[in-house]
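K.L.:
One letter stands for each residue in the lines below.
Number of protein chains: 2
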Amino acid sequence: MTGPRYTALVQTLPANVPFVGPEQQERARGAAFAARIGANENAFGPSPRAKAAMAAADIWKYGDPASHDLRLALARRMGVDPLNIVVGEGIDGLLGYLVRLLVVPGDVAVTSDGAYPTFNYHVAGYGGVLHKVPYCEDAEDLPALITRAREVDAKLIYFANPDNPMGSWCSGAAIEAALRDMPEGCLLLLDEAYVEFAPEGAAPEIAAEDPRVIRMRTFSKAYGMAGARVGYAVGAAALIQSFDKIRNHFGMNRAAQAGALAALDDQGWLRQVIADVGAARVEIARIAEACGLRALPSATNFVTVDCGADGDFARWVLADLVGQGLFVRMPFVAPQDRCIRVGCGTQAEMALFEAALPRALAAARGDTP
Amino acid sequence: MTGPRYTALVQTLPANVPFVGPEQQERARGAAFAARIGANENAFGPSPRAKAAMAAADIWKYGDPASHDLRLALARRMGVDPLNIVVGEGIDGLLGYLVRLLVVPGDVAVTSDGAYPTFNYHVAGYGGVLHKVPYCEDAEDLPALITRAREVDAKLIYFANPDNPMGSWCSGAAIEAALRDMPEGCLLLLDEAYVEFAPEGAAPEIAAEDPRVIRMRTFSKAYGMAGARVGYAVGAAALIQSFDKIRNHFGMNRAAQAGALAALDDQGWLRQVIADVGAARVEIARIAEACGLRALPSATNFVTVDCGADGDFARWVLADLVGQGLFVRMPFVAPQDRCIRVGCGTQAEMALFEAALPRALAAARGDTP
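Going line by line, the protein sequences match chains A and B. Position 131 of the first sequence, counting from 1, maps to 131 under this note's numbering, and the rest follow consecutively. Convert by adding 369 to the 1-based position in the second sequence; the result is the number in this note's numbering.
If you are wondering where the hints come from, they were derived from the structure by calculation, not from laboratory data. Each hint should be verified, as a subset may be incorrect.
[What the hints assert, rightly or not] Just so you have them, the derived chain B footprint on chain A, three or more residues with Cβ under 8 angstroms: (1) 5 to 14; (2) 55 to 62; (3) 86 to 92; (4) 140 to 152; (5) 195 to 205; (6) 311 to 323; (7) 340 to 346.
All C-beta atoms in this analysis are idealised placements derived from N, C-alpha and C, irrespective of residue type, glycine included.
Kindly generate the complete structure, drawing on both the sequences and the hints.
P.N.:
Here you go:
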C-alpha cells in the first residue's frame, strides 16, 4: 500500500522546526535548566488578575470565535475600530495566516537576514521566495527592505520594531518616513511583539485603514503570557476580515481570551514589569561589561551581548552557558552571531548568569582553570 | 493606494464562518442563554485534577512545541509509539493541517452531505473539490464514501464515528471491513471526537502504521475541555511527522497541555462523565417522546430529535427554543434537517428543555395558546 499523496510543495519541505524548545534540550541533557532566559519569555509573569481570570474561565465551553470582548478592549486602547483587529494563536499563528492570504508558490517576500525565523518558515511553507537584506549596524534596515521589495516585486515585507534577536529599534517617525517609498501592492508586516518595552516614540502613527501596513502585537512578552498564545493584528478592515476566510475560528483558548482581557485591564502591573525588565537589562549590561564585553542597547526584554570575536567563539560561550544549566540562545547569522542573547530574568537568574559568564568566556578562550 | 495582493484562491473564498458562536447569538439577542446545549460541549466539565494542573501551569513559559509528555501518555494509552501521535489546536486545527498536506486547488476530497462543516471549510480554503455522499438511514455511509472516492480519485475521505450531527455510529469491525476497499493513495480521516461516549466495539483496530487511515481525537468532548483546544491525530509515523513541516510549532497553550495530561490520568472522572451523559441522553429521549417525537439513538453527548415533519418545521421549533433562551443547533441538510440536536446538559438545563419543548412545538404548529 502506498501512503497519502502529499502536495508537491509539501514533498519539498524540510521537517526541521524553527526552534527547538527548552524542554527538548532538558530531555536531551537529562536535567532541567537552572535559568530559563533563552526564549524571550517574561519571568515576571502575568498580572494576578490575568491568572485569576484564567482560573475562573469555564474551560468546558469553546472560546468566543470572534474574541469579541478582547477585540473591543484592544480597539479602545489602540484607538481603532474592532473591525481593524483580529486575534489569533500568537503572532506565530497570525504570521502563518497572513502568509497564506498572500503567498502562493513563486510569490516573493522580503526580510532581514537573521530576523525572526518563523516568518521564513511560513513563507517557505507556502512556497514563497524569500529575499534577505543584511542588518545595518545590528539593526533591521527598513529603507533597504523597501528598496529590495520594489526591485523584486515583493508582496510582503517583514520588519520587527524593536528587533529580535538584536534588541535594536528605530523611531516611529523613521518608519512613517520610510513608508512613503512603499511600492504599490506591497504590505509591510510590522512585528511589534516587544513594543511595550521600547522607549516612547518607537511606535509609528499609522491610520487603521492604511493599506500598506499590518502590525502585530502579543500578550506573550510584556504581558507575561507566552504559554497562553494570544496575539493580535491591527490593519485595514478589509485585510483583517480576510483572515476570517481561512483562520481556525475556534482556535483560541477560552481561558487565554479571558486572561488577556484581564491583563489589559491591569496597566499598573504592566508598568511594574517594564520597570523590572529595565532593571534586569541594566544588570545584564553590568555583568557583560564586567567581563569586558559590550552589551548592545536594548528596547526589548533581552540584551544581546557582543562576545567580541566571531560566531564560533560566541557558539562556544553559548554552549558552555547551556552546559552550566542556563537556557540562552544567540543570533543565527554572521556578523550578528558574534553575540549571545540573554533574557531579562529574575534576580536569581541574573545571579546565575553573573557566575556563569566568566567561566563560559574562560572555557571559550581555552583558558585552563 | 491599492491594498495587498491576495492569492487568486483567497479572492474566491467567502468570508462566512463555519459556525456562529453562542456568544455572538447572545450579543445579537441582548441576553445570555439559560441553557448552553448547542455546541456539543460537556457541561459536566473537566476533571478537578485537570483544572488544578491548568491553574498551576507557568503560563509565562511557552508550551513544549513537541507536546512530549502528553504524546507519551497518549501513546501508552493507545498502544502506539509517540511518533504516531501529533497534538494540535483541537481537531479543527489538525483538520486544517491535514488538508494543507494533501490538497492543492483541484484535488478531490469526499465527505457526507451534512457532515462536519469545518472539514468542508478547510477543503474549500485550500481550493479542493468536495464530493458529497448522502447519509444512509441517518448515518454516514462508509462503503459509499469509499466507492465515491475511487470514482473521483479522491486524496482524502472524511468519516466521523460516532457521527455529528446525527449521533449515529457503526462498529469498528464494519470500518475494518470497509477499509479493504480503500483505493491506493487515498487517506481515510476517521474523526473519533465522540468515541469515548460510544458503545464498546465502536473503535476499529487499526495498526498505527496503516497508511490508509489517520484518526483524530480530542479533549473537547468527553474530557470536558473544549475551551482548551487540545486535539490529537494518530497515524503512520511518516504522515504524523509531515505535520512538523507546516504546523504552528508553538501553537499549543501550555496550561492546556498540562490539563490534558492530568485529565488523561483521571479515568475515574471520565467514567463518571460518561455515566452522567448517558443519563442525560435517556432524559432527552424521555422528554422528546413525551411530546410525541422520536429521539434517535445516540453514541455521543447529544441526542438528535426527529421533529416529525420537514426542515421548515424543525427550524421553527429551533427558533422558538432559541427564543426561549436555549442554545441549540440542528442539521443543515435535508432530510436530516427534520431534526434538532440537543446537547446533554445539567439537570437544570434538561428541566429547561422539558419546559420549553412543548411550547416550541405548539408555536411551530401554529397552535394559539
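K.L.:
Each hint needs a verdict: does it hold in this structure or not?
P.N.:
Now for the hints, and whether the structure bears them out:
Only residues whose C-beta sits within less than 8 angstroms of a C-beta in chain B count toward coverage, and the region 5 to 14 of chain A has 8 of them, enough to reach three; the restraint holds. With a cut-off of 8 angstroms between beta carbons, the region 55 to 62 of chain A has 7 residues touching chain B; three or more are needed, and the interface restraint holds. With 3 residues bearing a CB less than 8 angstroms from a CB of chain B, the region 86 to 92 of chain A meets the requirement of three and the coverage assertion stands. Coverage of the region 140 to 152 of chain A by chain B is violated [criterion: at least 3 residues with CB-CB distance below 8 angstroms; count 0].
Given as covered by chain B, the region 195 to 205 of chain A fails the check, having 0 residues with a CB less than 8 angstroms from a CB of that chain where 3 are the minimum. By the rule of at least three residues with a Cβ nearer than 8 angstroms to a Cβ of chain B, the coverage given for the region 311 to 323 of chain A is violated, with 0 such residues. Coverage of the region 340 to 346 of chain A by chain B is violated. Counting CB-CB distances below 8 angstroms, 0 residues qualify, and the rule asks for three or more.
Taken one by one, the earlier hints fail for this structure at numbers 4, 5, 6 and 7, listed in ascending order.
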